[in-house]
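**Student:** Note that the protein sequences, when read in sequence, are chains D and R.
Read in order, the letters of the first sequence correspond to residues 85 to 381 in this note's numbering.
Read in order, the letters of the second sequence correspond to residues 1005 to 1363 in this note's numbering.
It is possible that part of the hints are untrue.
To be verified - Below, computed lysine to any residue pairings styled on SDA-like, alpha-carbon distance capped at 20 Å:
| id | chain 1 | residue 1 | chain 2 | residue 2 |
| --- | --- | --- | --- | --- |
| 1 | D | K370 | R | L1132 |
| 2 | D | K370 | R | Y1136 |
| 3 | D | K370 | R | G1140 |
| 4 | R | K1217 | R | R1230 |
What the hints assert, rightly or not - Label pairs and their calculated CB-CB ranges:
| id | chain 1 | residue 1 | chain 2 | residue 2 | range |
| --- | --- | --- | --- | --- | --- |
| 5 | D | G176 | R | V1032 | 34 to 40 Å |
| 6 | D | G176 | R | V1036 | 32 to 38 Å |
| 7 | D | Y272 | R | V1032 | 50 to 56 Å |
| 8 | D | F349 | R | R1135 | 28 to 34 Å |
| 9 | R | V1128 | D | P93 | 35 to 41 Å |
| 10 | R | G1050 | D | I217 | 55 to 61 Å |
| 11 | R | E1106 | D | A246 | 53 to 59 Å |
| 12 | D | L365 | R | R1230 | 26 to 32 Å |
| 13 | D | L99 | R | E1106 | 39 to 45 Å |
| 14 | D | D211 | R | V1036 | 41 to 47 Å |
| 15 | R | G1050 | D | P160 | 57 to 63 Å |
| 16 | D | P160 | R | S1168 | 42 to 48 Å |
| 17 | D | H252 | R | S1168 | 47 to 53 Å |
I should point out that these hints are in silico values taken from the structure, not numbers from a laboratory.
Treat the numbers as computed from the prediction; the structure is a model and nothing was measured.
All C-beta atoms, glycine included, are put in the ideal place defined by N, C-alpha and C.
So the chains spell out like this:
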Amino acid sequence: MVTAVTMLPDPAILLQLLAFGLLLGGIYGLVALGLTLIFGVMDVINFAHGAMMVVAMYIVWATATTFGISPLVVIPLAVLALFGLGVAIHRGAIAPIMDAPQENQLIVTFGVLLILVSAVEMVFSPDPRQYPIELGSQQVGSTFIPDGQLIALIIAIIAIAATWGFLHRTRLGRAMRATADNRQGAQYVGINVPRIDYLTFGLGAALAGLAGAVVPLFQTFDPFIGDRWLINAFVVVILGGLGSFPGALIGGMIIGLVQVFGLFFLPGSFYQVVIFGIFILVLLLKPRGLLGGDVYA
Amino acid sequence: MRERAEDLLGRVVSLRDRHLSRPMVIVVVLAVVGLMPHLRSISVAGVAPLGWLSINMLVITLVWATAAQAWNIMSGYTGQFSFGHAAFFGIGAYATIMAIREGGLSPWVGMLIGAGVAAVVGLVVGGLTFRYELQGHYFALATLAVAELLRYTFNSVPFLGEGSGFFKPFPREYGSEFGLAAFQFQSQEPYFYLIFTFLVVITAVAWVIRSSKLGLYFFAIRERERAAAAVGIPTVRYKLLAFGVSAALTAIPGAFWAMYFDTIRPDTVFAILINVEILLPAVVGGLGTVVGPIVGSFVVTPISEYARQSVDLHGLNNIIYGVVLILIVLYSPRGVVSWPARASDLVARWRSPTGGTDE
Chain D
85 MVTAVTMLPD PAILLQLLAF GLLLGGIYGL VALGLTLIFG VMDVINFAHG
135 AMMVVAMYIV WATATTFGIS PLVVIPLAVL ALFGLGVAIH RGAIAPIMDA
185 PQENQLIVTF GVLLILVSAV EMVFSPDPRQ YPIELGSQQV GSTFIPDGQL
235 IALIIAIIAI AATWGFLHRT RLGRAMRATA DNRQGAQYVG INVPRIDYLT
285 FGLGAALAGL AGAVVPLFQT FDPFIGDRWL INAFVVVILG GLGSFPGALI
335 GGMIIGLVQV FGLFFLPGSF YQVVIFGIFI LVLLLKPRGL LGGDVYA
Chain R
1005 MRERAEDLLG RVVSLRDRHL SRPMVIVVVL AVVGLMPHLR SISVAGVAPL
1055 GWLSINMLVI TLVWATAAQA WNIMSGYTGQ FSFGHAAFFG IGAYATIMAI
1105 REGGLSPWVG MLIGAGVAAV VGLVVGGLTF RYELQGHYFA LATLAVAELL
1155 RYTFNSVPFL GEGSGFFKPF PREYGSEFGL AAFQFQSQEP YFYLIFTFLV
1205 VITAVAWVIR SSKLGLYFFA IRERERAAAA VGIPTVRYKL LAFGVSAALT
1255 AIPGAFWAMY FDTIRPDTVF AILINVEILL PAVVGGLGTV VGPIVGSFVV
1305 TPISEYARQS VDLHGLNNII YGVVLILIVL YSPRGVVSWP ARASDLVARW
1355 RSPTGGTDE
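All chains should be built: construct the whole structure from the sequences, respecting the hints.
**Tutor:** Listed below in structure tokens is the structure:
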């Protein structure tokens, strides 16, 4: 007992780690949102998701620094731009091969990733950047909550709720869920499935853009930061279950907590080893996710 | 029953690019590759069309051709699309260096150990993924997860060198001298002929597999796994065999990589991009063909290496990769090696009386 207590750090530190983990987890949920939407509705793994985040980061950064305005004001612009980019990518590269074997779409989205990241690198140089914004922090008891992460978390929760509302409370959203459920059946009842695909990929890209735009509120970024977010977003998507929004949030929380506590208690980047261990176990044992499956069904 | 099964398989395979796996075609392609260092100096009217190719670029081109040939045996022939072959490439690289450093062994022994370890890892990953019937996206993600798991493990464990990796030891540190026995040379040409030899051997293995009954079984699994199982092919066993062979052979270009460059780090040999560089030549050249990985590597690697090595074009190499990937998948999913046949089809159509202006 005594040794266990002495080995554990101060409860205040644990509380602080918990707060950081939950903040990070909410943002992971937002990052996974667009990925799980495209995966769920179109059955496409969008490897370019992280690269789309990076594009949005640089749109916000370049606009905010050029015109000397707050990055927070520019975020909607980046989201709109990414919606357009998503529709264009879908038209040029995904729509023509929607019926081809799955690996074709995977290769194509990886091609898009390479192009986007390298284009950003060539235009903006590989140097790390940060938003021109000063943010403080809140204090609750002895726990610090950085404003950047708090704003990011609030945006994440609003986005998740809004997307959920769109899918469940509007005709178009229902058509999207029907397509996710059964593409052929959706076609039979008169849903324009190719158009739903355009909307889905555009929306997925817009959500990637939103996620990308909020991440620099609490960390510096470079053209390659998308890879790190993408890989863990895959884990969140699989953990939460394909196309499941509550799942994405819960999966995000799990990964956020593992990362924050792992960084504190384990050497180096060993927490990533734990995350991939969880990932492989879930893929093998519960490939439909911890929540037991597809909530569209 | 058995005859019917083989008849069915025979028909499935005969539909696919048979001429591209004829020994003559393979020998000619390999001969051209082997002569590349000399072809560079041929000049037509004072201009050497291949003069911009350095030996270094040719070596790297053959590394990816060799790795793609190994990847193709599993992913091209049986259709189990691996997005994580960097795992086996990296194991080959690390086993070779660590055998020297920790065991005082010859790099050749290290390479064989690497191939063995890679085969075991491949069998374990395959055993688990096939046992739990992961397919398509889920299989690709699981293989990627294994490669990333290894990358972070090597990044975090002190015994494995952590993030800074290992320097390649000098030959005298393992009681040897520059030369074939040491796996190290003082000029680049011998490296070229060594990786060329590996390419020839692995291509021969690929050809033997593809033209044997084993190849028929592999392709039957790729075309229709259920039907293959229904006619009595033990599909899991053959998929495992393909995985093990492919993993072991992928470790060999990895070992070569470790002995060619000065250092290995987790973020270079296990990088996400390595997964793509391994599969790209096979996809571009022609999935499931024997000459595809070799031709494909010559289509993409030299030009992107050229871009990578020139400072003002940095980043362009990945854009080239990306554009080639997308164009091939969209417009020519059977790869560059299908172009001669497509071209002759076009010519035939043009010459035919219905559409022709000929005669």
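**Student:** So which hints don't hold here, by number, going up?
**Tutor:** The structure breaks none of the hints.
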